[in-house]
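Colleague: Those protein sequence lines, which keep their order, are chains A and B.
With the numbering used here as the guide, the letters of the first sequence map in order to residues 1 to 311.
With the numbering used here as the guide, the letters of the second sequence map in order to residues 1 to 528.
Careful: at least some of the hints might be erroneous.
Unchecked claim - Short derived list, chain B residues pointing at chain A, Cβ under 7 Å: (1) N48; (2) S84; (3) E310; (4) V393; (5) G405.
In case anyone wonders, no lab produced these hints; they're calculated from the structure.
Cβ atoms here follow ideal geometry from the backbone N, Cα and C, with glycine treated the same way.
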Amino acid sequence: MLPYIFKRLLQAVPILLAVAALVFVMFSVIPGDFASTQSSDGRSAIDAEAVARMNTQFGLDEPVHLRFGKYAAKLLTLDLGTSFRTRQPVINSLSERIWPSLQLSMAAMLFAIAFGVPLGFLAALKPGGWVDMQSMVVAVSGLSLPQFWLGLMLMYTFALLLGWFPSFGYGDGNPRYLVLPAVALGVAPLALLARTTRAAVLEVMNADFVRTARAKGNSEVRVMRWHVARNAAVIVLTTLGLQFGSIMGGAVVIEKLFAWPGIGSLLVDSVSLRDIPVVQACILLLVLFFLIVNIVVDVLCALIDPRIKYS
Amino acid sequence: MLKTFVFTTALTLAAFTVQAQEPRRGGTIRFTAPYAASFVSNDSHVSNQIQDEIYGKALHRSLYNWDSANNKPVLELAKSVEVSADGLVHTFKLRDDALFHNGRKMVADDIIWSFTRLMDGSKSYPAARYVRLLKGAIDVEKGQAKEIVGLRKIDDFTLEMTFTERTEPGFLFNFATTSIYPAKEAQAPDFFNKPIGLGPFKFVEHIPGSRMVFERWEKFYQPGKPYADKLVISPMGEAAARDVAFRNKEIDVSILGPTQYVAYKADPNLSKGILEVAEVFTRNMGMNPGFKPFADKRVRQAINHAIDSELIIKRLVRDKAYRATGWLPLSSPAYDKAMQPYDFNPEKAKKLLAEAGYPDGFEFEWTATPNESWGMPIVEATIPMLAKVGIKVKVKPVEGSALGGIVAKGDFQAYIWSNTSGPDPLTAMKCFHSATPQSACNYTTYKNPAVDKLLDEAGTTGDAAKRLDLIKQANAIVYADAPVWFFNYNKAVLAYQPWLHGLQPNATELALQYFEDLWVDASSPAAK
């Protein structure tokens, strides 16, 4: 297993470099640069000399391929560069934001797992039944509701009308602040997990080995626990890993809406200010996180299902 | 429109008369910074975003400050200033009671160090453009000198500044980007983790993207101020989220957009806490004379006549604006009350177009951002109006942060934007001086020798009244030449909770408040 994990981690390096190159090229071709964003509010005109000075300072007056070469070389030494806007190392900005982002994404995922998996499991036990119908409603709603709108509705309902939770902010570590953004972020994965779990459980329940287990006189609880749940878990876990991608993507919107101090809101601000080193670092971090989660999922799948062998 | 302004001012004054009660000490002010998801940095010198200036007013002080009541800059860190006959040398008697948050007295060296830092050419600090007017500042910027010769310390509390041209330093040095830092302490590597300044509040913590927390600086030089024990500023770029938080009484102020303005005005409770001010921003459509039809003044005037600006302000901007009657806005000291707006007159527009050689009109490309008050929705409303006089519009949508670069490079036929038009009327009008490059702020490459002459004269005269008169004349010529479609001046609106007192109608930017003057009464949820 260890060589496999090592190999997967090594495979992540070219993926990260490819993503870095893609982001770099994208930000080189779209209109606007850091210097011009300084006057984009129409308030502070900035003269050509200042623009030139800024571009020289940040190396933006060099050809794209040269800039990328320098950037890639730094990246290989784990140097993420310097933020244009704060003039501080990018790692400082990231380190301030990682923990709140992890808190939010983990809470959203826990919410999705805690409600999505049981809902899907119960729906599969009686296809076409009341629970199944309800799970379908949850799934369709959860997947189709825009997160921004959902977040606002949660704010209106649970902060303004009911007064149960604060509507925004990070608080002083009080988990009440985490609830609404985590729910807003977790509803879509919850819906998908519910549908995936339902489909997986239904598929396994019709498998030959389940019929055999029942024929051998195993109790229904034992069949469900040791045969159905365990085999369906592999499919659910794989979906779970992929859902981290959508969680991280959704966090960009939700963090901004709820004034949550994570990587998402940093990314939004950095994009609008064309603070390219920070944008690149944020995206790379999100990709790295996604890759690591999926390696962990693969390892967990192998532990659950002995038929899965990694070499 | 003028009546509306007078009425609004009267309402504001009435509101402040009601508020004129004994300030209460204690409690927490829960302020919002409404222009982005986070502050740029703990270093006020690196950012010229309004967002950062909001916290800068709590933590720092500059040589000057903005007097919102009288709409002019006033001395802040100096008690008096003497100006030489030629207007170039300013000698400041500095405050001897201004203490940094570590208890050390501010001295002239701190100002010299701060301004010298701003001229570090390798760092491109945005405020370098203000300091550059000091004699020798450019040499420091270019690395040819280590000291700005135009800054001379006479003693710890006397500082002499020599400028290269006649200027009013109050307009240059009242921003947070020109904050005075403690010279020695600011050079410590971890200074910006917990910055100290001269402002009324001490830094406690910054959770980027969530809040910045401050506590009262007991030794602030204004006796008895600040009133509040604590100040929490939360960056909240989303208007809808801010609306919920405000209605939920979690924040004390909120800047309103046009839609919220209508909703708040209609609400019997919320309408009691609305502060309005005519800000120093002019919304306009700039026309590039490099695009042939726009080279003709009659075409530009025709556009001003063809668009029913009043209707757009009423219906789309929801009356959250004042009709523009020139470049300089209502709150500018050089605003000319006698100026009348271009009347909505499609027939006159057609006639002007025919005279200019475009009887069948023409088509142009209009660069616009999604901004609701001066972007795509406004452009869409003008399209049928312009079509009636034969002018077709092809819209070129761009992202907000890209607009500045596109316009500064002249890569447009027309654009729509909101540009600063104050508080210094001369600086605002200099954007129409032919010597001002397009990349600075002469975006329409405007050129008129008569305007140049008036502005040059205004820049050299020592007679303040004469200066204003010359600027008014220049403004009138620019208005007649119509390099832009004069759309409106921004009416900024701030909603505040009934327990918050001491707000000021700051025309330079309503979100900039003086936290030392704010106080909360016992009815605030954060009164303790």
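Colleague: Just to be careful: measuring from the Cβ of B/V393 to every Cβ in chain A, is the smallest value less than 7 Å?
Modeller: 20 Å, violated
Colleague: Report holds or violated for the interface hint on B/E310, using the least CB-CB distance to chain A and a cut-off of 7 Å.
Modeller: 23 Å, violated
Colleague: Taking the least C-beta to C-beta distance, is B/S84 closer than 7 Å to chain A?
Modeller: 28 Å, violated
Colleague: Taking 7 Å as the limit, does the beta-carbon of B/N48 come near enough to a beta-carbon in chain A?
Modeller: With a closest approach of 5 Å, the B/N48 hint holds.
Colleague: With a cut-off of 7 Å on the beta carbons, see whether B/G405 makes it to chain A.
Modeller: 3 Å, holds
Hint compliance for this structure: hints 2, 3 and 4 are not met, and every other hint is.
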